[in-house]
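Q: Chain residues, written in single-letter form:
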Amino acid sequence: MTLSRRSILYLVLLALALAVPLLGNTYYTRFATQIAMYGMAALAVDLLLGYVGLITFGQAAFVGVGAYVTGMLTVAGVHDALIVWPAAILGAVAFALIIGALSLRTEGFQFIMVTLAFAQMVYYIAQSLRSYGGDNGFTIPRRNTLAGMSLANHTVFYYVVLALLVIVMVVAARLVKSEFGMVIRGRRDNERRLAAIGFPPFRYKYAAFLIAAGVAGLAGALMANHARFVSPAILSWQVSGQLLAMVILGSAGTLMGPIFGAAIYLVFQQVLSDYTDHWMIFFGPLIVARVLFVKEGLWGMLVRALGAQEIRAPRRPVATDRGAAE
Amino acid sequence: MTAMLETVHLYKSFGALQVTDDVSITVEEGEVHALIGPNGAGKTTLIGQLTGELRPDAGHIRFDGRDITGLATADRARLGLARSFQITSIFPSFTAEGNVSLAVQATEKHSFRFWRPAETLERLHRPARQLLRQLGIVERADTVAGGMAHGEHRQLEIAMALATNPRMLLLDEPMAGLGSEESQAMLELLARLKGQYSILLIEHDMDVVFSLADRISVLVNGRVIASGDGEAIRNDPQVRIAYLGEDDEFGEADA
Numbered sequence: 001m002t003l004s005r006r007s008i009l010y011l012v013l014l015a016l017a018l019a020v021p022l023l024g025n026t027y028y029t030r031f032a033t034q035i036a037m038y039g040m041a042a043l044a045v046d047l048l049l050g051y052v053g054l055i056t057f058g059q060a061a062f063v064g065v066g067a068y069v070t071g072m073l074t075v076a077g078v079h080d081a082l083i084v085w086p087a088a089i090l091g092a093v094a095f096a097l098i099i100g101a102l103s104l105r106t107e108g109f110q111f112i113m114v115t116l117a118f119a120q121m122v123y124y125i126a127q128s129l130r131s132y133g134g135d136n137g138f139t140i141p142r143r144n145t146l147a148g149m150s151l152a153n154h155t156v157f158y159y160v161v162l163a164l165l166v167i168v169m170v171v172a173a174r175l176v177k178s179e180f181g182m183v184i185r186g187r188r189d190n191e192r193r194l195a196a197i198g199f200p201p202f203r204y205k206y207a208a209f210l211i212a213a214g215v216a217g218l219a220g221a222l223m224a225n226h227a228r229f230v231s232p233a234i235l236s237w238q239v240s241g242q243l244l245a246m247v248i249l250g251s252a253g254t255l256m257g258p259i260f261g262a263a264i265y266l267v268f269q270q271v272l273s274d275y276t277d278h279w280m281i282f283f284g285p286l287i288v289a290r291v292l293f294v295k296e297g298l299w300g301m302l303v304r305a306l307g308a309q310e311i312r313a314p315r316r317p318v319a320t321d322r323g324a325a326e
Numbered sequence: 001m002t003a004m005l006e007t008v009h010l011y012k013s014f015g016a017l018q019v020t021d022d023v024s025i026t027v028e029e030g031e032v033h034a035l036i037g038p039n040g041a042g043k044t045t046l047i048g049q050l051t052g053e054l055r056p057d058a059g060h061i062r063f064d065g066r067d068i069t070g071l072a073t074a075d076r077a078r079l080g081l082a083r084s085f086q087i088t089s090i091f092p093s094f095t096a097e098g099n100v101s102l103a104v105q106a107t108e109k110h111s112f113r114f115w116r117p118a119e120t121l122e123r124l125h126r127p128a129r130q131l132l133r134q135l136g137i138v139e140r141a142d143t144v145a146g147g148m149a150h151g152e153h154r155q156l157e158i159a160m161a162l163a164t165n166p167r168m169l170l171l172d173e174p175m176a177g178l179g180s181e182e183s184q185a186m187l188e189l190l191a192r193l194k195g196q197y198s199i200l201l202i203e204h205d206m207d208v209v210f211s212l213a214d215r216i217s218v219l220v221n222g223r224v225i226a227s228g229d230g231e232a233i234r235n236d237p238q239v240r241i242a243y244l245g246e247d248d249e250f251g252e253a254d255a
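Protein chains in written order, with the working numbering: chain A, 1 to 326; chain B, 1 to 255.
Mixed in with the good hints, there may be bad ones.
[Unchecked claim] These stretches of chain A come out as covered by chain B in the derived footprint (C-beta under 8 Å, 3 or more residues):
#1 163-177
#2 186-193
#3 199-213
[Said to hold, decoys possible] So, partial list: chain B residues that the calculated Cβ filter (under 7 Å) puts toward chain A:
#4 77
#5 78
#6 89
#7 91
#8 93
#9 103
#10 105
#11 106
#12 111
#13 112
#14 113
#15 114
#16 115
#17 118
#18 164
[As the list claims (entries may be wrong)] Away from chain B, derived, C-beta distances all over 12 Å, residues of chain A:
#19 20
#20 110
#21 233
#22 272
Honestly, the hints are just simulated from the structure, not real lab data. Since this is a predicted model, take the numbers as computed values, not measurements. Glycine included, each C-beta is placed from N, C-alpha and C at the ideal position.
With the rest of the complex left out, here is chain A (with noise of 0.2 Å):
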């Protein structure tokens, strides 16, 4: 069997991520986790971004609204998380039910103002939770079990955390390309055409913004159950707004790019948060460069030097269908 380049491309990082843990060092592996989690939650942007060309800049709402309702149902005593994981993505979903019926009404500019509008509210209702901590949040006594097995070893999570993570993307990668997903990236390109010709677009923008909620939902449930803890921190703007940079960051259309671009930001954000607090003014010029000079970002850099881009060969010999071509 031979592998295109893509392929090892991805089974190589895919090995990169599974060896950190043997690098014996918990700090290691806690930072591979919060890669992960924030990769799902930008994954989450992107299939938005980067398929059906929506800017949302209230992510971060259904991330806290999975990672709050994680943390209730934990307090509450449910600790199971074949149940409240399931529920902070049902959680997600309700809101973006709610959201998404509103805000998919307007377009560009406004979409992007009224979503922020909206992760706001969620941000202000989080706030006025006095029970739950307002401002401060609240602790979370033990991470949720997994079918019985305990996942306070951080290995353990993280492997967890990779898996759903592996699981999404695959899902994500099958769904972009079906039916459904050029239904979607066809509104991306134009939406005028695509209502044209007979495709109601609102209907489908809908769904896949409830999908990208319910995984934003999930990527929520695990950061409260990585940091056992949950504040009204988790559903800011700057949230939804490093999201956004995560996905500009890596390449927005690709869904591995976002997972990449969240390893890069994160990365930064440690070794510059080392030297000083305003490590943005250093990142910031960086997100710049990356829109000015590198047009494809830089997962799609990564993959273009390592010769391992998408092959679109044609499946049937051109012109003639039956020729003598192949």
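We have chain A; now place chain B onto it with these hints.
A: Below, chain B without anything else, positioned relative to chain A:
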């Protein structure tokens, strides 16, 4: 003959400007009805109302005996009202075949199918290829559409319109921007489509209009000032006045 598309006393204004002023036109089943008029006559606004992108202020639109005035664009397309755009409107990141197969996909009840790769579906692929072959651009099937030539885009647009399994075509200046050879090919294509579909043709090229149209309506300042066959339109004094000073296309057509 039965009416395929009918507008009944349609009105639309933008502010003080009456862009559609009591327009009642009928496209009979199987006929090519050309809509002509000087720039700014309100042709594009009228098309917008027919496709559902604009709502008329008053009046009705009937398609195949059904009132579609309140229907959304997508619903009208699903009833069989297909269009091509004056300014090329495609999915630029898709391949040529991808453009057409998405249009084929649009004829299905819904596309909430999330798992199987669309590219592998024979029920989309086969008709899409067939249409590309019919339009003579099958060798470009795997080319990313955004990079194709203008003439090819126009053909692709027609292929997409046909892929939706329409009963009627609204063609908004299909010849716009085409070179003379391409124009000839497009004219031949339209001639082949004539009879198979009811067609409302908006076109500036008078040779095309006179050679294809069964009936011509002339729109000036939002009003239909004349409607009839080519001969009647050529000899209509009001039409001649409306077109005088623009360019003397009618003179040429007479010669």
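Q: How does the region 199-213 of chain A fare against chain B when you require at least three residues with a CB closer than 8 Å, holds or violated?
A: Check passed, 5 qualifying residues.
Q: Have a go at the residue 93/B hint: is there a Cβ in chain A nearer than 7 Å to its own Cβ?
A: Hint on residue 93/B: holds, closest Cβ of chain A at ~5 Å, below 7 Å.
Q: Decide, holds or violated, for the assertion that all CB atoms of chain B are farther than 12 Å from the CB of residue 110/A.
A: holds, 19 Å
Q: Test the statement that residue 233/A is away from the interface with chain B: the closest C-beta pair must be farther apart than 12 Å.
A: holds, 34 Å
Q: Hint residue 111/B vs chain A: min CB-CB distance below 7 Å?
A: holds, 5 Å
Q: Please verify that hint: residue 78/B, Cβ, nearest Cβ of chain A, below 7 Å or not.
A: For residue 78/B, the interface hint holds, since the closest Cβ of chain A sits about 5 Å away, which is under 7 Å.
Q: Given a cut of 7 Å on the nearest C-beta pair, is the interface hint for residue 164/B held or broken against chain A?
A: Nearest chain A Cβ about 5 Å off; hint holds.
Q: Checking C-beta pairs, does the region 186-193 of chain A have three or more residues closer than 8 Å to chain B?
A: Since three or more residues must qualify, the claim that chain B covers the region 186-193 of chain A holds, with 6 doing so at under 8 Å.
Q: Does the nearest C-beta of chain A fall within a distance shorter than 7 Å of the C-beta of residue 106/B?
A: holds, 4 Å
Q: Are residue 114/B and chain A close enough, Cβ to Cβ, to be under 7 Å, as the hint says?
A: holds, 5 Å
Q: Tell me if residue 112/B is really an interface residue toward chain A, meaning its C-beta lies closer than 7 Å to one of theirs.
A: holds, 6 Å
Q: Interface hint check: residue 115/B, Cβ to nearest Cβ on chain A, cutoff 7 Å. Holds or violated?
A: holds, 6 Å
Going down the numbered hints, you'll see the structure goes against none, and every one checks out.
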